[in-house]
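Respectively, the protein sequence lines represent chains A and B. Numbering-wise (numbering that gives the first Met the number 0), the first sequence opens with residue 0 and increments by one. Numbering-wise (numbering that gives the first Met the number 0), the second sequence opens with residue 0 and increments by one.
By construction, these hints were calculated from the structure, which means they are not laboratory data. The beta-carbon is built from N, C-alpha and C at its ideal position, and this holds for glycine as well. Errors might be hidden in some of the hints.
To be verified - Distance ranges between label pairs, derived from CB positions:
#, chain 1, residue 1, chain 2, residue 2, range
1, B, 25, A, 296, 43 to 51 Å
2, A, 374, B, 49, 50 to 58 Å
3, B, 156, A, 296, 35 to 43 Å
4, A, 142, B, 127, 21 to 29 Å
5, A, 127, B, 127, 50 to 58 Å
Stated by the list, open to error - A few chain B residues facing chain A, derived, Cβ under 7 Å:
#, residue
6, 64
7, 97
8, 99
9, 105
10, 107
11, 124
12, 125
13, 126
14, 149
15, 152
16, 246
17, 294
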Amino acid sequence: MSETATPEAPDATGSERSALTDSRFLAWALAGLVLFAVEAPALVTFVVGFLADAIAAFPTSYAATAADFLVGIERAAIDLPTLLSRDLVPNQGYWNGEQWVGTFLGLSPAVSWAIRVALVYAYAFAFLGWFAAGYELYRRRYRTADWTPRDDVVDRFRGHSWGKFGLVVVFLFVTMAVFAPTLGPTTVDQNMRDSYSYEMQYWNADAQEVQTTLVGEANRNSQSAGDSANVGPLSYDDYGRYHPFGTMPTGSDLFTFIVVGSRISLIIGVLSVALSALLATSLALVSAYYKGRVDLSLVLLSDAVMAMPQLLLLIMLSTVLAETWIGGIYSGGFVLALIFAGTGWTYMWRSVRGPALQVSERSWIDAARSFGQTPTTIMRQHMLPYVTGYLLIYGSMTLGGAIISIAGLSYLGLGVAPPTPEWGRAINLGQDYVATGSWHISLIPGVLITIVVTGFNALGDGIRDAIDPQSDSATGEAAGRGGGA
Amino acid sequence: MSRTQRVTDAPLLSVRDLRTVFHTEREDIHAVDGVSFDIYEGESVGLVGESGSGKSVTARSILGLVDEPGHIEDGEITFRGDNLVESGWDAHRGDISIIFQDPSNALNPVYTVGNQIEEALSIHQGLSGSDARQEAVNLLETVGIPDADRRVDEYPHELSGGMQQRAVIAIALACDPDVLVCDEPTTALDVTIQAQILDLLDDLRREEGLALLFITHDMGVIEEATDRVNVIYAGEVVEHASTETLFENPKHPYTQALLESIPGRTDPGQELPTIPGEVPTPTEPATDCRFAPRCPKAFDACTQVHPEPIDIAETETEHEAACLLYPEDRPREEAVSLHQSKTEDDR
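One chain only, chain A, in its complex shape (with noise of 0.2 Å):
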């Protein structure tokens, strides 16, 4: 326990402070507000755009409405400036013979990109460090308590090498997918879905000018398809493109590929892993607190659920629905997210169950029950707080199987459907050539499914080791390790 607060002079405790005239306060603050107002142009962009999709797939007039007026929204966003733009920090420029033209200060695509890349990242640690300094602040001087058994559990997890090397794998893909359009070095519109509707200029050596081709047609001349044609990764096309992990078998570039396949992934996943937490939770809660022939009937309901082939579901269901319009939100992907929850919120709730049951043993339920609270106030109030760490952990272990789970299909071409990237489809266009010097289109996105996943998990760990330290496993490290009780 070295990390115990030192406690603050009595007089300056908690309430007796104003927020509003604290310098600490205020430059927390204020770095808040610079954060965001850097960002707040896409941060609206990606919101309004993010319900317009939602709203137009419901099939009112009312919806569409409602979608046009959020997409005129969207268009007066974009032309605003934004820091962490393609705009403000282009990469796609050519070669006129003796510069670049149209990239960022006249540096080569890669250097702007990379440039690009290192800002998106520096700003995604920034605002981690804010919200960081934000806790701390809050901690040590405005929680008029010294001390709460949450302090324990959050100086377990400092102590946590595994879970740290987990938290910060799935930082960088949450970055990844947030920040999506502005990472890739070009856009899927451009590049996979209307290459044929955008033009572009390259410098042609052989003619030494330069000269304008469609942006498909380029890509059809960098196609990487074995050893008889192929752009690896870290390198540039005849274009004068850069392709930091190389081109697929169409000539599209992968990276942008991945980054995009990386947001799909992460909706589909917290979608269905929030719809199968809440699904869960409150199933455990009711068996917890009733028991006895409630507890039974759900034990039953769930082994009923548990017994039904999960794919044979899949592929019966998407197929079903692809027509309809719950089948073309996320271009599949909600059904995908709502088979996932429907069909795995039972293992989350046998995990759950446990922990309900024996918090529902505690003395203080039985008081709130004598004094006649409400058995729903009491499962919210009382059980709840006891299981949420629980639900961070399977939660989080979850959300890399429904990763994989989403790759796996969509390796199978099921699920997502096929012009919206994911990462599993990439492996599979990759397939014929990983022996060849091609291999990149399958490898690369197979050892990130791995981290990736391999990240989620060990976050779990993490979470569960500073939760509960009993759970610690018998290594070495657990006992070198410091802090708790």
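Fit chain B to the given chain A structure using the hints.
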């Protein structure tokens, strides 16, 4: 309060022939098997017995907290004229409050003490916001927590065991109860703190007119804190009397053995007597004396006849014991057949 006075008053809480059974896959456990007692306003009643004798299940039954697979099979729990077993507890929630053995387990660690008192206050007195906070501070002062204004914002782990138990009592008081069930309220505490908590409860009884039901295995607590005692063994009340009478003149062999095993009541240098064996788990309805296997005075009939409570009051106070030895003034066989016929009458 004398016995004659009580005839006119109805008891505040009356438990009659309470039977609580737990149905497990292998057998039915008759944890409480025909317990009866009364609590009058402002008095303190004890329920004493070893671990596993059914005291805590009795407490939970009174509060309507028996969970599946257990249920109250039979009997009446009458509070202010309402039979709670039939009408349900909802109308009287909070009128009967409970404080638990382990205060660290009875307080939710994620909320401040004030928060938990305010929760009870909002349900029972409709208070919220600063009114509730003020009332919570008042309650903490009532239960003798110094610096209540600051303590009200602290988390349970910041309080010592004795303070935690005081906070638990404050939560119970927030419901404005008439009966306070104290389930081993001092077992988890230091001896010095025990005395303080008992004094506090006694003050509350006198000042607020609370009726107390003490559930404990500690004869010392019973002697100090109660007016009347019920001795419970394997789900049955085997003897009940005023505390004074019971300690001076215990009649049931079990009570006698219990009292002998209190340190300090035997002569110095003598080995402390114990009761060999342990309380049986009653899986069948009683057909014999459940204490017989451990009883030094058991005779043949004890394994065949179920003893019924017999009035053995020698003075004006009440005194009943369920043992085949009584009534003492009758010949042994006659006494046994009296018990037998009483059992048959009940069936």
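Hints, verified against the model:
1. For residue 25 of chain B paired with residue 296 of chain A, a C-beta distance near 22 Å fails the hint of 43 to 51 Å.
2. Against the hinted window of 50 to 58 Å, the Cβ-Cβ separation of residue 374 of chain A and residue 49 of chain B comes to about 34 Å, which falls outside the hint.
3. One distance hint, 35 to 43 Å for the beta-carbon pair residue 156 of chain B and residue 296 of chain A, holds here, with the actual separation near 38 Å.
4. The hinted range of 21 to 29 Å is satisfied by residue 142 of chain A and residue 127 of chain B, whose Cβ atoms lie roughly 23 Å apart.
5. Separated by about 38 Å at the C-beta atoms, residue 127 of chain A and residue 127 of chain B break the suggested range of 50 to 58 Å.
6. Look at residue 64 of chain B: its Cβ gets to within about 5 Å of chain A, closer than 7 Å, so that hint holds up.
7. The closest approach between the C-beta of residue 97 of chain B and any C-beta of chain A is roughly 5 Å, which is under the 7 Å cut-off, so the hint is satisfied.
8. Hint status for residue 99 of chain B: holds, given a least beta-carbon distance of 4 Å to chain A, under 7 Å.
9. The beta carbon of residue 105 of chain B comes within 4 Å of a beta carbon in chain A, closer than 7 Å, and the hint placing it at the interface holds.
10. Given the 7 Å rule on beta carbons, the hint for residue 107 of chain B holds: about 4 Å separates it from the nearest Cβ of chain A.
11. With a least beta-carbon distance of about 11 Å to chain A, the hint placing residue 124 of chain B at the interface is violated under the 7 Å criterion.
12. Checking residue 125 of chain B against chain A: minimum C-beta separation of about 13 Å lies over 7 Å; hint violated.
13. The criterion of a C-beta within 7 Å of any C-beta in chain A is not met by residue 126 of chain B, whose closest approach is roughly 14 Å, and the hint is violated.
14. A least Cβ separation of about 9 Å between residue 149 of chain B and chain A goes past the 7 Å threshold, and the interface hint is therefore violated.
15. Using the Cβ-Cβ criterion of 7 Å, the hint placing residue 152 of chain B at the interface with chain A is satisfied: the shortest such distance is roughly 5 Å.
16. About 31 Å separates the beta-carbon of residue 246 of chain B from the nearest beta-carbon of chain A, more than 7 Å, and the hint is not met.
17. Interface restraint check for residue 294 of chain B: the shortest CB-CB distance to chain A comes to about 35 Å, outside 7 Å, so the restraint is violated.
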